[in-house]
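Modelling step: build the complete structure from the supplied sequences, incorporating the hints.
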Amino acid sequence: MDLAYTEEEQEFRARLRAWLAAVLPGLPAKPRPDDWPGRRAYDTAWQRMLYDAGYAGLHWPVDAGGRGATPTQHLIFLEETERAGAPYVGANFVGLLHAGPTIAAEGTAEQRARWLPPVLRGDEIWCQGFSEPEAGSDLAALRTRAVRDGDHYVVSGSKIWTSHAEVADWCELLVRTDPAAPRHRGISWLAMEMDAPGVTVRPLRTLAGSTEFAEMFLDEVRVPVSHRVGAENDGWRVTMVTLSFERGTAFVGEVVACRRTLAALAADARRNGRWDDPVLRRRLGRLNAEFRALWRLTQWNVSEAQRAGSGGVPGTGGSVFKLRYSHARQELYEAAAEVLGADSADLDREWVLDRLSSLSYTIAAGTSQIQRNIVAERILGLPKGR
Amino acid sequence: MDFQLSDDQRALRAGVRELLAGRFGRDRMRAALDAATGVDRALWRELGEAGFFALRLPEAEGGVGLGLPEAALLFEEAGRSLLPGPLIATHLVAGSVKGAARGEAVVAVLDAGQPVAHLGEADALLVLAPANAPRAPGGTLRDAAPVRDAAGPVRSADPFTPLWRVTDPVEAGEPLPGAGRLREEGALLAAAEQLGSAARTTEMAVQHAGAREQFGAPIGSFQAVKHLCAGMLVRAELARSAVYAAAVTADPVEIAGAKLLADDAAVRNARDCLQVHGGMGFTWESDVHLHLKRAWLRSGQWLTAAAAEEMLAGDLC
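So the protein lines, in turn, are chains A and C. Residue numbers for the first sequence follow the working numbering, beginning at 16 and rising by one. Residue numbers for the second sequence follow the working numbering, beginning at 268 and rising by one.
Just so you know, these hints were derived from the structure itself, not from any lab. Each hint should be verified, as a subset may be incorrect.
Non-contacting residues of chain A with respect to chain C, defined by C-beta distances greater than 12 Å in every case (computed) [unchecked claim]: (1) E24; (2) P43; (3) R47; (4) A56; (5) D78; (6) A150; (7) I175; (8) E208; (9) A211; (10) R237; (11) A281; (12) L371.
Computed beta-carbon distance windows for the label pairs [unchecked claim]: (13) A517(C) x P48(A): 38 to 46 Å; (14) L368(A) x Q542(C): 37 to 45 Å; (15) D17(A) x G289(C): 54 to 62 Å; (16) P43(A) x D518(C): 38 to 46 Å; (17) A303(C) x E24(A): 52 to 60 Å; (18) G332(C) x G400(A): 48 to 56 Å.
Stretches of chain A that chain C covers, calculated by requiring three or more beta carbons in the stretch to come under 8 Å of a beta carbon on chain C [as the list claims (entries may be wrong)]: (19) 218 to 228; (20) 307 to 313; (21) 386 to 395.
Here a beta-carbon is modelled for each residue, glycine too, at the ideal position from N, C-alpha and C.
Shown next, in the form of structure tokens:
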């Protein structure tokens, strides 16, 4: 068990740190949360800077245009960028972390050449069309139909919870191509252009008041068959291949951010006198243990992925992490509300909006209940059931 | 960075598990419970021969020359197997008490205000310095007999851990060289025992949930039960990262966090394990109560939740 970084890893960190210190002061002001074109421009400009400096697609394989970095280097990258206050992956999220890696793993040479470079350069934005109104946790129940018509599919149906839909160029879409086949075997993965005729996007307002995601209605949208990645009806497997891609690094930046928030909370509590309340103080102390341990669990999972090599590891360690992390982060903002006292009703105070946003953490990307099923069945080996 | 067990560490863990399974398997564990023998001196010596106590002493002094991470792995196995006796105190002072390294001496620990475990069988007594005096020497050594003569036995809730109440103040004995970290290291090793117990009760619950049938199906196929088991694994694995990392860094705040999370994992996992076992979990025959009672006891030893949380809060400022 070794928590020390190798010389090579330390050099990587030092170079990155120097680069961040040089470029971050020149960034434009952050756009407002509801300024979607502004957000796209800001996020893609940052991606372009990463590309020019050789940090784009750090953890992508070299033959996909990435840098082939180790999971540990990726961890260092995410840790340092968060520490330095660099922009988050933002609108580039799906392209860099889901659609891109899927195409890299399962696409043809032609498909890789067409779609991967624009993702790395920040030229094109992807969104994800997986969930449907009737297919949430039970994703394989999806009903959006794709019917072959010559060298096109004609796609009709609706998708929901699609982040960045308003500004995306492409959508990674799961569709049903064989309604007669068993549920998991009749699904295909398509790349759909967002400006194709028949695509309608309707933003959804979250409980935090902003429009972070959208509903998408598809009315006989024509998608070329050549835009299918993987074999027809093999889309479920194609999608699952990507799930192990993050190799334990999915929440690195967020754990770093939580630890910073916790320190800021303690400082605020000292200023406003609430620190004298031992109940609150001990609660913050427990959260410190929690986030320190989550950081160590991240290092544990990343080291495990590193040992497993490029083959990746099953995402089950990620389920253990996400269950605890999502809960801890909600607890963090509950504690923040206590530190704020009466000001916790003021949306302009720091952490108040974060508290609202954090309510999605135990739902998005697999609810805690689904994660517990995964842990119980795939790690503990308990029988499937209801 | 390679935060995973090394091959040597895996081999060490497997070796200790095998040793304890052979020498303190379930039948012997239950026999020891029924006989209420306390510390089994023959087993104690075997543990000594296996390096349990001399693990961190330099090889030149007849020790094994390993470090805290390896000690954590050993004590994790001890926690799994419910091995009784003042293992931690004896390990901590193995270099200072004659015979302790070889398992020929039993060393109990006195922490003011707490009952003393295994005082009746102890040859020597480690007197811990108060927790609120972090810069004071970590502890001193005393002969156990005079303290025992002035102490009264407690009817211990943990049948494996006889307790003695010491009411008279105990004078400090001979100071221990380099003993500043006794409480921290004791807390870390206790956390490792809690981790072992938490992982074991998870296995017991999963095993039972997979075998026990009701409503025509294994109860582990029902989400109500499945989710309890998943929660147990999450607690144990978070505690594992915390304990192993604290063993590597030996950082006092990190140790406090590890103790806090491992106490929590051991107690709550034993509770959930008991719940999964239903009526059987409430019987003397089941091993669940042995884990829970020990976990409760360890939670109050070396570093309490209140002290750990205050330390962790102080670290934020």
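Checking each numbered hint in turn, tell me which of them this model violates, lowest number first. 1, 11, 15, 19
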